[in-house]
Amino acid sequence: MSQVPHDELRWAFVLGAAVQIRDELAGHGLVLSRVLIDFPAEPGPLAPDLAVLAPAAVRDDRGRYRAGDVEAALELARPGLAEAGRAYARAGVPLYVVVDPAAAACTVHTAPAPTGVYREAERVPYGNDLFLPLGERTLVLRSDDFPVASPTPGSG
Numbered sequence: 001m002s003q004v005p006h007d008e009l010r011w012a013f014v015l016g017a018a019v020q021i022r023d024e025l026a027g028h029g030l031v032l033s034r035v036l037i038d039f040p041a042e043p044g045p046l047a048p049d050l051a052v053l054a055p056a057a058v059r060d061d062r063g064r065y066r067a068g069d070v071e072a073a074l075e076l077a078r079p080g081l082a083e084a085g086r087a088y089a090r091a092g093v094p095l096y097v098v099v100d101p102a103a104a105a106c107t108v109h110t111a112p113a114p115t116g117v118y119r120e121a122e123r124v125p126y127g128n129d130l131f132l133p134l135g136e137r138t139l140v141l142r143s144d145d146f147p148v149a150s151p152t153p154g155s156g
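For the sequence shown, the positions run 1 to 156 when full-length UniProt numbering is used.
These aren't lab readings, by the way, just hints derived from the structure by calculation.
Any given hint could be a false lead.
As the list claims (entries may be wrong) - Computed beta-carbon distance windows for the label pairs:
1) 40 <-> 82: 15 to 23 Å
2) 81 <-> 142: 21 to 29 Å
3) 43 <-> 123: 24 to 32 Å
4) 27 <-> 59: 15 to 23 Å
5) 104 <-> 62: 19 to 27 Å
6) 104 <-> 131: 14 to 22 Å
7) 58 <-> 102: 31 to 39 Å
8) 47 <-> 148: 35 to 43 Å
For every residue, glycine included, the Cβ atom is placed at its ideal position computed from N, Cα and C.
Working from the sequences, and respecting the hints, build out all of it.
As C-alpha cells, this is what we get:
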C-alpha cells in the first residue's frame, strides 16, 4: 500500500479541525496553524499544527504570541514530536492533543507538569468526539473525518 505524505495528512487534519475549532470558539479565542509561538525553554519557538489561543492573547514586540497564550496544541503524530510535547508541558499548556492517522486515534493529554510530562492522557479512537476542556468552556471536536494512513514500514 502506498504511503500518504505527512504534509498531505497534516493539511487534511488542519483543514477539517481548524474550521470546527473556529466555529466552536465563536469569537472567544483564536485558532492558528503553523505560526511560531515563543516558548521559554528548549527547543524555543514552536509552530503547532494547530494552536488554540486564549481570547486575551496579544502579539509581543516581535509579533509573536507567547506560550502562556496557548490553551491547546494539536499535532499530527510524527517522528520527533515528543520534544514538542515536553516543551508544551513545561510551559504549562493545559491541553495537548496528538492525532495519529496510522492508529486512527487521538491522545488527549492534560495536567501538564513543569518536568515536561502530562500526568493524564486519554486515547480516543476516530469516530468518537473529542471533548477539549479550555478553561470555563469545552470544545467538542468530531474526529470521524480525520485523516487515516497506513503505518510506516518498520514502525510496528
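Cross-check of the supplied hints:
no.	hint	result
1	40 <-> 82: 15 to 23 Å	19 Å, holds
2	81 <-> 142: 21 to 29 Å	23 Å, holds
3	43 <-> 123: 24 to 32 Å	26 Å, holds
4	27 <-> 59: 15 to 23 Å	18 Å, holds
5	104 <-> 62: 19 to 27 Å	39 Å, violated
6	104 <-> 131: 14 to 22 Å	18 Å, holds
7	58 <-> 102: 31 to 39 Å	37 Å, holds
8	47 <-> 148: 35 to 43 Å	24 Å, violated
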